Amino acid sequence: MAIDKNTRLIDLTVTDLIIIVKECMTEFMPANQTISDEDEIGGYEIAETITGYSRQTLYQLKSAGELPYIGLPGGGIRFSKKMLINWLLSHKKLTNQQVQEKAETIKLKRKLRRTNSL
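Here the sequence shown is numbered in full-length UniProt numbering, starting from 1 and rising by one per residue.
Honestly, the hints are just simulated from the structure, not real lab data.
Note that the coordinates shown come from a computational prediction; the quantities given were computed from them, not determined experimentally.
Some hints here could point you the wrong way.
[Stated by the list, open to error] Computed beta-carbon distance windows for the label pairs:
no., residue 1, residue 2, range
1, M25, G76, 31 to 41 angstroms
2, I106, E40, 33 to 43 angstroms
3, I20, E45, 28 to 38 angstroms
4, E48, E104, 34 to 44 angstroms
5, D4, T26, 14 to 24 angstroms
6, N86, R110, 24 to 34 angstroms
7, G65, A2, 53 to 63 angstroms
8, I70, I106, 29 to 39 angstroms
[Stated by the list, open to error] Calculated lysine-lysine pairs in the DSS-like style (CA-CA distance at most 30 angstroms, straight line):
no., residue 1, residue 2
9, K82, K93
10, K107, K93
11, K81, K62
12, K92, K109
13, K62, K93
14, K93, K81
15, K111, K92
16, K102, K92
17, K82, K92
18, K82, K22
19, K109, K93
20, K81, K22
21, K22, K5
22, K93, K111
23, K62, K82
24, K107, K92
25, K92, K81
26, K62, K92
27, K102, K82
Every residue, glycine too, gets a C-beta built ideally from N, C-alpha and C.
Turn these sequences into a full structure, and let the hints guide you.
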């Protein structure tokens, strides 16, 4: 079916609509950026790709209980892309300025507690 300016929306199939949406999205979004917010679940391969760690390191972190994973009833494991990204971000180090600001906040709180307790 030839789709033109006068084609009624009701005459389009789902496939036609998907093609139209994809064409429109490529105008506004770079090709390497994905539209999907779905979580990706997979084995050690996905964990290696996301973290950059070797399989041996992933085994060690999993055994130590430091790496988030999904345990399957049959004994296998899977990793969630979102869980791994959140885990990586939780290990983010503070900058010197952030450390200084945090220290000043703690000093102020301590000073307020001491003045209120008197």
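Structure-based check of each hint:
Restraint check, M25 to G76: a C-beta distance of roughly 36 angstroms satisfies the suggested window 31 to 41 angstroms. A hinted range of 33 to 43 angstroms holds for the C-beta pair I106 and E40, which are about 39 angstroms apart. Between I20 and E45 the beta carbon distance is about 34 angstroms. The supplied range of 28 to 38 angstroms therefore holds. Between E48 and E104 the C-beta distance comes to about 41 angstroms, which sits within the given range of 34 to 44 angstroms.
For D4 and T26, the hinted distance range of 14 to 24 angstroms is satisfied, since their beta carbons lie about 20 angstroms from each other. The given range of 24 to 34 angstroms is respected by N86 and R110, whose C-beta atoms sit roughly 31 angstroms from each other. Restraint check, G65 to A2: a C-beta distance of roughly 60 angstroms satisfies the suggested window 53 to 63 angstroms. Roughly 37 angstroms separates the CB atoms of I70 and I106, a value that falls within the hinted 29 to 39 angstroms.
Among the hinted pairs, K82 with K93 is consistent with the structure: their alpha-carbon atoms are about 20 angstroms apart, no more than 30 angstroms. For the proposed pair K107 and K93, the alpha carbon gap of about 21 angstroms is at most 30 angstroms, so the pair holds. This hinted pair checks out: K81 and K62 have alpha carbons roughly 15 angstroms apart, not beyond 30 angstroms. Taking the CA atoms of K92 and K109, the gap is about 24 angstroms. The hint holds against a cut of 30 angstroms.
Straight-line distance between C-alpha atoms of K62 and K93 comes to about 22 angstroms, which keeps the hinted pair within the 30 angstroms bound. Restraint check: the Cα-Cα separation between K93 and K81 comes to about 21 angstroms, which is no more than 30 angstroms; the hinted pair holds. A threshold of 30 angstroms between alpha carbons decides the hint, and for K111 with K92 the separation of about 29 angstroms falls inside it, so the pair holds. With a CA separation close to 15 angstroms, the supplied pair K102 and K92 stays within the 30 angstroms bound.
Restraint check for K82 and K92: satisfied, since their Cα atoms lie roughly 16 angstroms apart, inside the 30 angstroms limit. With a C-alpha separation of about 25 angstroms, the suggested pairing of K82 with K22 holds against the 30 angstroms cut-off. A hinted pair counts as satisfied when its Cα atoms are at most 30 angstroms apart, and K109 with K93 qualifies at roughly 23 angstroms. Between K81 and K22 the alpha-carbon distance is near 24 angstroms, which keeps this suggested pair within the 30 angstroms criterion.
Between K22 and K5 the alpha-carbon distance is near 17 angstroms, which keeps this suggested pair within the 30 angstroms criterion. As the CA atoms of K93 and K111 are separated by approximately 27 angstroms, the hinted pair is consistent with the 30 angstroms bound. A distance of roughly 16 angstroms separates the Cα atoms of K62 and K82; the hinted pair therefore holds under the 30 angstroms criterion. About 23 angstroms separates the Cα atoms of K107 and K92, which keeps this hinted pair within 30 angstroms; it holds.
Taken as a hint, the K92 and K81 pair is honoured in the structure, with Cα atoms around 17 angstroms apart against an allowance of 30 angstroms. With a C-alpha separation of about 19 angstroms, the suggested pair K62 and K92 falls inside the 30 angstroms cut-off, and the hint holds. Simply put, K102 and K82 have alpha-carbon atoms about 28 angstroms apart, close enough for the 30 angstroms limit, and the pair holds.
Of the numbered hints listed earlier, not one is contradicted by the structure.
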